[in-house]
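**Student:** Below are the chains, spelled out letter by letter.
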Amino acid sequence: MDKRLRNLIIILSGIVLLVSIGYSNGGRVSISIIENLSSNIIIPVQKILFDVSDSTSKKIKGISEIFNTKKKIEFLKEENKRLNSELIKLSLTNSELLELSSLKENLNYLSENQFENYVTCNVVSKDMGNWFDVFSINAGTQQGVKKYSVVISSEGLIGKVYEVGNNYSKVISLIDNRSNISFETISVNSKYQGFIRSSENGLLFGNLFDPNATTKIGEKIITTGQGIYPKGILIGKIIDISDDKNEFLKEITVKPSVDFKNINVVTVITMDKEKSEWINEN
Amino acid sequence: MKIKIILFLNLIIFFLQSTVIQHFRIADIIPNLNLIVIVIFVIYFDIRSIVIYSVTAGLLQDLFLSPYIGINIFLYLIVALTITNLESVFNKVSVISPAFLISVATVMYNSIFFIFLSIMNLSYGIYEFFNILIIEIVLNVIWMIIIYKFVKTKLIER
Numbered sequence: 001m002d003k004r005l006r007n008l009i010i011i012l013s014g015i016v017l018l019v020s021i022g023y024s025n026g027g028r029v030s031i032s033i034i035e036n037l038s039s040n041i042i043i044p045v046q047k048i049l050f051d052v053s054d055s056t057s058k059k060i061k062g063i064s065e066i067f068n069t070k071k072k073i074e075f076l077k078e079e080n081k082r083l084n085s086e087l088i089k090l091s092l093t094n095s096e097l098l099e100l101s102s103l104k105e106n107l108n109y110l111s112e113n114q115f116e117n118y119v120t121c122n123v124v125s126k127d128m129g130n131w132f133d134v135f136s137i138n139a140g141t142q143q144g145v146k147k148y149s150v151v152i153s154s155e156g157l158i159g160k161v162y163e164v165g166n167n168y169s170k171v172i173s174l175i176d177n178r179s180n181i182s183f184e185t186i187s188v189n190s191k192y193q194g195f196i197r198s199s200e201n202g203l204l205f206g207n208l209f210d211p212n213a214t215t216k217i218g219e220k221i222i223t224t225g226q227g228i229y230p231k232g233i234l235i236g237k238i239i240d241i242s243d244d245k246n247e248f249l250k251e252i253t254v255k256p257s258v259d260f261k262n263i264n265v266v267t268v269i270t271m272d273k274e275k276s277e278w279i280n281e282n
Numbered sequence: 001m002k003i004k005i006i007l008f009l010n011l012i013i014f015f016l017q018s019t020v021i022q023h024f025r026i027a028d029i030i031p032n033l034n035l036i037v038i039v040i041f042v043i044y045f046d047i048r049s050i051v052i053y054s055v056t057a058g059l060l061q062d063l064f065l066s067p068y069i070g071i072n073i074f075l076y077l078i079v080a081l082t083i084t085n086l087e088s089v090f091n092k093v094s095v096i097s098p099a100f101l102i103s104v105a106t107v108m109y110n111s112i113f114f115i116f117l118s119i120m121n122l123s124y125g126i127y128e129f130f131n132i133l134i135i136e137i138v139l140n141v142i143w144m145i146i147i148y149k150f151v152k153t154k155l156i157e158r
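Residue numbers (my numbering), protein chains in the order written: chain H, 1 to 282; chain Z, 1 to 158.
Be aware that one or more of the hints could be misleading.
Claimed, not checked - Residues from chain Z shown here face chain H by an in silico Cβ test under 7 angstroms; the list is partial:
(1) Gln22
(2) His23
(3) Asp28
(4) Leu77
(5) Leu81
(6) Phe113
(7) Ile132
As the list claims (entries may be wrong) - Okay, the calculated bits of chain Z under chain H, using three or more residues with CB under 8 angstroms as the criterion:
(8) 14 to 21
(9) 29 to 41
(10) 63 to 71
(11) 124 to 131
Just so you know, the hints here were simulated from the structure itself, not pulled from any lab data.
Think of the CB as a built atom: it goes at the ideal place given N, C-alpha and C, for glycine as much as any other residue.
Only chain H is shown next, with the shape it has when bound in the complex (with noise of 0.2 angstroms):
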């Protein structure tokens, strides 16, 4: 190939790609007309690869499993004899558990109603390279589901949406969101209010706004409301506290409590219009 051509090439695509990442950085406000006839066709082929290759996975795991049962069960008879003695210490009377369920109440934690609006879907696809946690779900407008509505598993929150076609949608994680988080650790004492401000290697990173605050390894943190995130959402566990020298203030880091590469079902919290609107106008 001649030289000057492929150097022409290199220049070009360069061009191309800062106008391209500059243009799609955030997300798209709305997909082409050809990327949603196209996904008429792709998600539901996607959908049935990923649903029959991931069933067939768990078979192939499961069979590698058994070659692990002896030891499998060794482990199970001391887990139970340490489950039984755990057991009998926590035994709990009724009204020690009513007592609890008022702390739940009053800490904010996320309950199995809290959310009118909603749309349970399937992850079709992943990001085909390694760096990004980034999937797509089969639902979108059709659906009621916005850029940035919230998306939650059963773990806690997985992230945002990205891009929105008529019948599918592109997921972006946590871990790979540079929009900051507000939130609040679940404390039996005292709450303390923070915000994560940034992620590298599946971690994030956080400040507590108080510096004084008496927070502990192990705790937990959820979403306070503010922004996009609805209120009372599992983020993470504090897995590490420091003084942040430069700001006055103690920063944490946070293990996420989702597995953002063993997501297959994920809830869709749809905005309503309130919200649509302080989004679009922010």
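Chain H is already provided as a structure; the job is to place chain Z on it using the hints.
**Tutor:** Frame of chain H; chain Z shown alone:
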């Protein structure tokens, strides 16, 4: 190679990589089938076919499963054109040549991606980078040897 065949191959790889391969991760890492196909194109087909495959593969990946549109088109093109220069040095008989070419392609693809992510302030530590890179090289080389042998014996030599 005919454009229709290139596009068809592209769709098959897109479907496999985004769905089936996702369930067979090793240490959370998957191989990059597009890079493998690009290297096979470099070895056996003309530059027109290489460029068409690289652009369409990148476009499909970016449109449906990437936060940034253009990144994969650019990366596949850069990698394909660089590998085209290296390919003439090696012979097509040995499996070492394609194994070497896919290793270079994987290093290039991931290194540029890492730099891009750093510029976009989406930081990955250097340890994470090498973790992804080394495992992906191993997986890509294994897949490359299997696919290369299949293509060579079943499709090319026939």
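**Student:** None of the hints should be skipped; say for each whether it holds.
**Tutor:** Going down the list of hints, with the structure as the test:
1. Gln22: holds (5 angstroms)
2. His23: Holds. Min distance 4 angstroms.
3. Asp28: Holds. Min distance 5 angstroms.
4. Leu77: holds (5 angstroms)
5. Leu81: OK, holds: leucine 81(Z) within 7 angstroms of chain H, min 6 angstroms.
6. Phe113: holds (6 angstroms)
7. Ile132: The hint holds - isoleucine 132(Z) has a Cβ within 7 angstroms of chain H, the shortest such distance being about 5 angstroms.
8. 14 to 21: With 7 residues in contact (Cβ-Cβ under 8 angstroms with chain H), the coverage given for the stretch 14 to 21 of chain Z holds.
9. 29 to 41: Satisfied; 4 residues make the cut.
10. 63 to 71: holds (count 9)
11. 124 to 131: holds (count 4)
The earlier numbered hints are all upheld by this structure, with none contradicted.
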